[in-house]
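Heads up: the sequence shown at position 2 corresponds to 2 in full-length UniProt numbering, and the numbers run straight through without jumps.
Source of the hints: derived by calculation from the structure; they are not laboratory data. In this text, a Cβ means the ideal position worked out from N, Cα and C, and glycines have one as well. Warning: the hint list may mix true and false statements.
Said to hold, decoys possible - Taking lysine to aspartate or glutamate and the EDC-like style, the derived pairs with C-alpha atoms no more than 16 Å apart in a straight line are:
id, residue 1, residue 2
1, Lys7, Asp166
2, Lys241, Asp51
3, Lys229, Asp107
4, Lys241, Glu48
5, Lys150, Asp107
6, Lys7, Asp60
7, Lys241, Glu23
8, Lys32, Glu48
9, Lys29, Asp46
10, Lys3, Asp87
11, Lys47, Glu6
12, Lys229, Glu24
13, Lys15, Asp60
14, Lys7, Glu48
15, Lys229, Glu23
16, Lys7, Glu173
17, Lys241, Asp87
18, Lys146, Glu245
19, Lys3, Glu244
Stated by the list, open to error - Across the chosen pairs, the derived CB separations fall in these ranges:
id, residue 1, residue 2, range
20, Glu245, Leu167, 30 to 40 Å
21, Pro164, Tyr28, 16 to 26 Å
22, Pro136, Pro175, 14 to 24 Å
23, Leu30, Ile243, 16 to 26 Å
24, Asp161, Tyr28, 11 to 21 Å
25, Glu173, Thr74, 17 to 27 Å
26, Arg142, Ile33, 11 to 21 Å
27, Gln100, Leu65, 25 to 35 Å
28, Pro136, Gly102, 19 to 29 Å
29, Pro123, Tyr28, 40 to 50 Å
30, Pro136, Glu245, 31 to 41 Å
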Amino acid sequence: MTKPIEKVAIIMAMKQEAKPLIEEYNFYKLPKIFDEELPMEAYHIDKEGIDITIILNGTDRDFQLDCVATQPATLSAFLAVQHFRPDLIINAGTAGGFAQRGSEIGDVYVSHKYIRYHDRRIPLPGFDKYGMGNYPCLNASRLAQKLGMKLANVSTGNSLDITPTDLAIINVETPVVKEMEAAAIAWVAHLYRIPFIAVKSITDLIDNEQAVEQEFIKNLAIASNNLKKKMMGVIDYLVGKSIEEL
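Use the sequences and the hints to build the structure in full.
So this is what it looks like as structure tokens:
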């Protein structure tokens with residue numbers, strides 16, 4: 001008999017993305033368990049026998065802004081593994097989508113097949129594939145179907161906007177969502193052989209005429225609320241299930 005999931009780590013970048021879920025489930029903030037020089041924060045609940053911890057990237061001490069993108073995401077993932085030893089890692093957050101591929105503002109996607117980078121271009125034999133990463137993610141198609149979420153290949157980069165070269169790389173796969181953390185976390189999960197999925201809510205449409213940054217700001221609240229609703233479903237779905245049942 002396969003073992004039920006006992007520990008889950010949810011890694012999130014922005015406070016506004018995490019706040020609705022933290023408040024809905026009354027996650028409580030853990031005492032400072034990380035090195036005092038690090039910005040990361042941890043919030044915890046016990047959900048019907050599952051220890052669930054949200055690791056938030058925290059606030060940059062120099063700029064007083066959310067620590068977004070791959071550097072803090074990598075560190076958060078490492079801390080999650082070292083401190084909590086999760087059976088499953090989830091990266092929950094927001095992303096950009098493509099209207100021509102059926103994305104709408106507020107849609108929530110689950111990662112499919114693998115997570116890769118679109119802006120780590122190393123045109124040398126072997127290093128080209130290394131740069132893209134192509135880190136595997138758990139097949140969560142049953143979870144997605146149960147909760148009414150779409151499946152997507154997730155592509156990660158360190159910029160909110162996009163260059164023509166980035167777009168050409170992204171266009172190799174469809175459907176795709178573009179975001180700024182998942183591949184970094186997937187790499188750490190892959191190193192430790194921990195199953196990983198990403199859950200992403202759409203804030204902006206990359207192929208829209210409106211500037212990405214304007215759409216992101218305008219739609220962050222609705223995307224975060226939709227993310228909360230789907231993540232509530234994900235958490236409830238995990239209760240009593242094994243990894244193989246996802």
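Between Lys150 and Asp107, does the CA-CA distance stay at or below 16 Å?
Roughly 8 Å separates the two Cα atoms, so the pair holds.
Given the hint that Lys241 pairs with Asp51, does the C-alpha gap stay at or below 16 Å?
Holds, because 13 Å separates the two Cα atoms, which is no more than 16 Å.
Need the status of pair Lys29, Asp46: alpha-carbon distance at most 16 Å?
Holds, at about 13 Å.
16 Å limit on alpha-carbon distance, applied to hinted pair Lys3 and Asp87:
The hint holds at about 10 Å.
Is the straight-line distance between the alpha-carbon of Lys15 and that of Asp60 16 Å or less?
holds (12 Å)
For the pair we were handed, Lys7 and Asp166, check the Cα-Cα distance against 16 Å.
This hinted pair is violated, its Cα atoms lying about 36 Å apart.
Between Arg142 and Ile33, is the Cβ distance one that fits in 11 to 21 Å?
violated (34 Å)
For the range 30 to 40 Å, tell me whether the beta carbons of Glu245 and Leu167 fit it or not.
Given a distance of about 37 Å, which is inside 30 to 40 Å, the answer is holds.
Leu30 and Ile243, beta-carbon distance inside 16 to 26 Å?
Hint holds: Cβ distance 25 Å, inside 16 to 26 Å.
With the threshold set at 16 Å, check whether the alpha-carbon distance from Lys229 to Glu24 stays at or below it.
Answer holds: Lys229 to Glu24 is near 9 Å, not above 16 Å.
Are the Cα atoms of Lys241 and Glu23 separated by 16 Å or less?
violated (25 Å)
Cβ distance range 14 to 24 Å for Pro136 and Pro175, holds or violated
holds (18 Å)
The earlier numbered hints that this structure contradicts are 1, 6, 7, 8, 16, 21, 24, 26, 30.
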